[in-house]
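Asker: Spelled out from the first residue to the last, the chains are:
Protein chains: 2
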Amino acid sequence: MSTPSLRVAARSMKALTPTLASLKTSVKDGALAAMAQALRQNAQSIAEANQKDLEEAEVVGLEKPLMIRLKFQGEKIEGAAQGLEALVRLPDPVGRTLSARELDQGLELYQVTCPLGVVAMIFESRPDALVQMAGLALKSGNAVILKGGSEAKHSNRLLADLMLAAGVKAGLPKGWLHLAETREDVKTLLELTDSVDLIIPRGSNEFVQYIMKNTTIPVLGHADGLCHIYVDGNADVDKAIPIIVDSKTQYVAVCNAVETLLIHRDIAPFLLPPLRMAMEARAVVLRGDAETRKYLPTIEEAVEEDWETEYLDLILSIKVVGNLDEAIGHINTYGSKHTDAIVTENRSTAERFMSEVDSANVFWNASTRFADGFRYGLGAEVGVSTAKIHARGPVGLEGLVIYKYKLYGKGHLVAHYSGSDPKSFTHRELPLTGGHH
Amino acid sequence: MSTPSLRVAARSMKALTPTLASLKTSVKDGALAAMAQALRQNAQSIAEANQKDLEEAEVVGLEKPLMIRLKFQGEKIEGAAQGLEALVRLPDPVGRTLSARELDQGLELYQVTCPLGVVAMIFESRPDALVQMAGLALKSGNAVILKGGSEAKHSNRLLADLMLAAGVKAGLPKGWLHLAETREDVKTLLELTDSVDLIIPRGSNEFVQYIMKNTTIPVLGHADGLCHIYVDGNADVDKAIPIIVDSKTQYVAVCNAVETLLIHRDIAPFLLPPLRMAMEARAVVLRGDAETRKYLPTIEEAVEEDWETEYLDLILSIKVVGNLDEAIGHINTYGSKHTDAIVTENRSTAERFMSEVDSANVFWNASTRFADGFRYGLGAEVGVSTAKIHARGPVGLEGLVIYKYKLYGKGHLVAHYSGSDPKSFTHRELPLTGGHH
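The listed protein sequences correspond, in order, to chains V and R. Here our numbering is used: the first residue of the first sequence is 121, the next is one more, and so on. Here our numbering is used: the first residue of the second sequence is 121, the next is one more, and so on.
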């Protein structure tokens, strides 16, 4: 694969965006199917390239979790191919009419979804992320810049070549996908305000935070996942303990695992002793504030730093609070606006919690681990966003599109609607189907 | 009015956002009505404060157009009051259910709109913008920081005091509105990434561009409005000329006025002579490329800089192009992604133009001047955005809200949906009304 500089590639990608925006659904779906086929047909060479990466990673002593994510062979390749085929079955997110209004006779306004343009994804280790992101970008009509980690360079190069070629053969314009490889490329990317419309970083908290703080290009994602559970005074202890166990231990190293437990003073003496037993059975270390340690004097002390820490480990910090407002205040101060849950039997308390906690996902009597695009039934997950604009929480394909206003007239002039004896607007809602679309 | 530092005010505003998010519609509408009443009751003192601003502006020699926009007396005050009352009649943008899905029996997911949190508006001269923005923020449940120009300081101080007090009396929390006054405040504002969720700048292109380039806080707005009309070879000349005249001259100093005209080679000899007559009758200066000047040899020459210039004046640059692709290419290169129109009798040409021109508003046989929230029937206009995410084109109240996912369970655990013999999700769509909302 020839590799033009990222700046040059991005500029020519921008020029391709009109073509990508008007691709027929059948062409995009055909390309996705062709990409899946290319993965299967080249499974052997992909496994070999990946083996090279694994061997080189072994030499430099890559950490074990990264090694696991780096491996992309056999079933994982088949899984990636099936992921592309699942995208074929989803409806095209482009060209949907969001609103339709007659402004005046013969003057019709349609708000219609369209691609963002050029999206860039930065990820580490996992070569399957490259395949997934290429598929998501294609289905949504976007050109895509993919920046993988150097530890996966052999895998990524081959995969990018295969995706690009299969797409072009199926009718996509050349250059719809670009693989960026160097660290310098990341810096360049953050400056490409004229040609890149969205950056999706996946990686460590520090890395995502670095991206967010160093570009004016919109970023979709989340740095931290510091999630809370608040057990209200009216909670059912038999419901609370399994929810806490599931939220903490079902998969400990993920953004939607719980890190801090807040407990109403009235229920603390009843909840804490059985909770300790349940958590100790799963090797979870508890850290409590002074009031928690009145009931559990042998556990570690929780300090200010604990409230700010996403452990991603078998550790849970616990704080006793006096009321709902204190719980909400703590979460809005220390939380990461990702996912927070309340356990209570009182509906109005739950409603107030869900209304006032400023997080993307607010749950009542359910595990924080449900915050996920697959479990939500989104069909495909672009990422989980903790931003306050555009898309929030688990984001599906709709996060990769925006809309434009199309106005259909017959020579209409604004002058006729002002001055003396002006015409007036009808502003009549039209059906979303039919009409011009 | 006591004036805490902007940083302190913004932090305490953030703490108010849960309360603002759960305000009842009736409380917000009551506050809007009270604000309108306060304007009417204090019309005299407002006019006096505004007179002081006008006199001081006279002394320092403020430019005429700014003087006109600075004036806020009599009918303009009544107009602002009516604007607030119009907001009362609009539906509450908060608490709308966007999607509802059963994930499994007893486990229901609702995607519900909620306020952004804290929005900041920076404007110059026009005191009515302060009133309008305070109303928009309130209706959408946001706290608001307003930074006006120093030329309107007497008007702004009084208006901010009135809005704040009327709101608090009607049940809003103290500190829901903050007036920022100094230039230093603008710099501070751009750094308040933890407490400000959206910045809406209104002012000169340079000023808006400065804001966009110097903050990682999302910005809603547009710097330039460099709009185009493309007259296709299949255009009706009798439709084209009035559309061009209206787009250029109906109101010349606005973002949706046309600046550059692109003409298909085949129609240039028929369009240009009558166009010149129509434009000269309205004192519009034409600047053409070499091919245009073959037909109109006496007009000024258009140079590269013309394609990049938003004149906001009675000047129109003209370029002859060979085909639709050339027109689209020119617009996507030099345009500002605001509003661009095609004049043609050929529907498929129009559809391709509207699909491939990467602008917020794309029009067929209609004046570019229609790109406006009032004409679109949005009810209220927050601003016109040329961004590619969140909200694009004329933006109504929906640009000041986002959504959160509320999940209602009965003790549901993720562990039950994995491992051996996992439960499966039902992912059944629920009606948007009823259920938990």
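It is worth saying that the hints were derived from the structure and are not from the lab. Treat each hint with caution, since some may be false.
It does not matter which identical chain is meant; a pair holds if it fits inside one copy or across any two.
Only pairs whose alpha carbons sit at most 27 Å apart, straight line, appear in this in silico DSS-like list of lysine-lysine [unchecked claim]:
| # | residue 1 | residue 2 |
| --- | --- | --- |
| 1 | K530 | K359 |
| 2 | K543 | K196 |
| 3 | K134 | K333 |
| 4 | K543 | K359 |
Asker: Taking the hints in turn, state whether each one holds.
Answerer: Hint check results:
no.	hint	in the structure
1	K530 with K359	between (63 Å within a copy, 8 Å between copies)
2	K543 with K196	between (63 Å within a copy, 23 Å between copies)
3	K134 with K333	both (24 Å within a copy, 20 Å between copies)
4	K543 with K359	between (63 Å within a copy, 19 Å between copies)
Comparing the model with each earlier hint shows no violations; every hint is respected.
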